[in-house]
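Chain Y is fixed; fit chain G onto it per the hints.
Protein sequence lines, in the order shown, are assigned to chains Y and G. For what it's worth, this note's numbering labels the leading residue of the first sequence as 1, then goes sequentially. For what it's worth, this note's numbering labels the leading residue of the second sequence as 1, then goes sequentially.
No wet-lab data here; the hints were simulated from the structure. One or more hints might be untrue.
To be verified - The calculated PhoX-like cross-link candidates involving lysine-lysine, where the alpha carbons are at most 25 Å apart (straight line), are:
1) G:Lys134 / Y:Lys9
2) Y:Lys43 / Y:Lys64
3) Y:Lys70 / Y:Lys92
4) G:Lys292 / G:Lys487
5) G:Lys292 / G:Lys173
6) G:Lys134 / Y:Lys76
7) G:Lys181 / G:Lys292
8) Y:Lys64 / Y:Lys76
9) Y:Lys43 / G:Lys134
All of these numbers come straight from a predicted model, not from anything done at the bench.
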Amino acid sequence: MVNRKSDNKQFEIHGEYLHIYDTLTEIINDEQTEYEGELYVVKTDLTEQVIENNYPVMLSFLQKIREQGKQCLHTKDLAQTYLVATDYISNKCYELGLSVEQEHPNEFALRQTARQIVRHGWR
Amino acid sequence: MGTPLYNTDIIPMTSRPTLTVMDDGDYFVILDTSTGKISKILKTNIMTALKISYDNTTSGLTADTVQAALDELVVNLGSSDDAILALSGRLDTIEGMGEGSVAKAIGDAVSPIDTRVTYLESVSGHLYGVRMEKSSGICSPTYDAVGLSFRPQIDTITNPSDFSSVYPWRDIKTVKVDADKNILCTIDDASFESTVGDIMVKIPVFWHRYWTDASYEYYEISDTPRDGFFAGGFYNPDGTIRPYALVGAVKTSNDGRVPHSWTDTPFTHSLPLYSTTAGFQLDALNKSTISKWSNIDHQAYEMVWHLIFVEIGGYVISPNTNVLGFDVKGAIGQGINGMSNSYSASNVCTFATVGANTFIMAKTRSQYFKVGMLVQIGTAYTSQNIAANRYITDISEYDATNDIITVDGAVFTTTLTSTIATWAQPLPLAQLMALKNESGYVLQFGSNNQSHVCYRGIWDLWGNMYEWMSGLYRYDLQFYACFDWTKMNVNDPRGVAGWVATGIAPDIANGYLKTRQVYKGALGEIGLPSAVGAGSATWYAAYAYYFNSEYMGLRAVFCGGDFSSGVAVGFLWNGSSRPARTILNLGGRLIG
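Next comes chain Y alone, as it looks inside the complex (with noise of 0.2 Å):
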């Protein structure tokens, strides 16, 4: 949903929740500037160095995960949701006989990301 705030600030920590907004537009109300953008809230445990390393992968694997209808609670699950949100895409290029690689390079690249992730953790 989309939240406006006074500051621009990509994301923050919360106690044990992360928000991330996806591009915040700024605007000017009332003669106070603010900024207004998409808002995911997921928990995490991750350090705000870790999730600065890795914000643009994580927002667009909640951008896809919210785009299909699914839901993701933690950052830990991130990147499996974010598989399983994508599945139907390399499914139905198999079906078809396409490759995923060149129909969706960028789901292609960022379920590598995932699987990755999957594997050895945020890093």
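Frame of chain Y, contents of chain G only:
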């Protein structure tokens, strides 16, 4: 032994074809002719009971044969008829309901237990709560609120909120009252629409508590008195507790001096108004001296918001996976907050009209207006000096680049400096009737954020028009509070009887409210702004404005947000204005 009874020669399927059975008086004799072996079986069916022995060691009878035992039993019970009668008598005792029956005995035993349980339930009552984690803003229901689901209603009532079946939410009812607060009818009565009276929402008394610890903020509602709980919003000036409070269904439709929030008779729309003279706050405070009616004060406000927070505290807004805060906009409805384009200096006349009830303007601007909107036409967009409170009845093309807007009412004249603007919008009666005492919105003007929002019959608590919160002032940052509405009308709260210095003096930048701190008085508690840093959908999900050192001296508080506040509306507090301020987006709400 006579003629054989059976011979296996004539018994099929036997594996022993040489057996012969013969009658031998008290015995059957079985002869296996293949082996010459003879077996005997006693014929017990012809043994008399007299011949069968009876073991009397456990029964206590003296008989040692079956016959003697039966005889002894018959002697004990009398005849068999006597025995049956005796047994049926016992059955009456078991099955009957009267004196001496098992049922009555059980009933007598259970009744005092029932009474005790009822008493204990009445003492313990029910407790509904929600807690918000300070660090994350995540909310979760507590106590009896666990398992209850809030459901917003859109356009019409479909599946009501679970809270509609439990007290106090169950008994919240829209009513019409006379000037002395007598209830004339409820919204469920057929006579409701034809009855002349002020429309208020009757909220039954309950006890509530707001408290915090290091990790959470807690809001709790009890249907019975408890230690540490207040009946805030239900206290009379003398400290007694009223059985219910009356809260205006809509914003106040006059200057606040008389007890009416809905002036049309017969009404079709409410008309939210601001004071053009002394300022609504002062008008409302003047009225409060009659001790019957008041502008909404901090105690009524806290009471209503307790109901809201607890009810939506477990409602996960899609597509979230948690309750991210008290986001009333996402849970119930946006309220009217997105009309900044139709409230703008840019909406000027492009062709003057004379003696007509039309307004011609550029299509680039007319796109923001809709049939049914209430508009003001004046020499500026903040003025209504040409035509006030007119409804748009038609929008048609005037030429390739302009539209002509027609409004109801008398004719008027416009010039190229005339401006048309929407201010606060009136609530159509049909919307009030559609949602009754559920919560949600009826879509209007094709946009959620241009639609009135309803919380259990109380409309536009956020958006449309700000409302003053009486009984709470700031002076040089510090909050001063008054819990007696007959004593709220002061020019300076410092040292005045009935007012208390809270010792709480936030100095915080503008921003979305994140946490509050509690002030506890003798007759209630107030949550005061403590920190910002939240968002429009997280923590309190609304703005806290001007609680800082740029606004010193005497300041009052208003709340809710207006028609152009955007997503800042909700549990919004503004501490910038002096009590006498007069402005077109600032009104009030009647309580009684």
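| Looking back at the numbered hints, which does the structure fail to meet, lowest number first? | none
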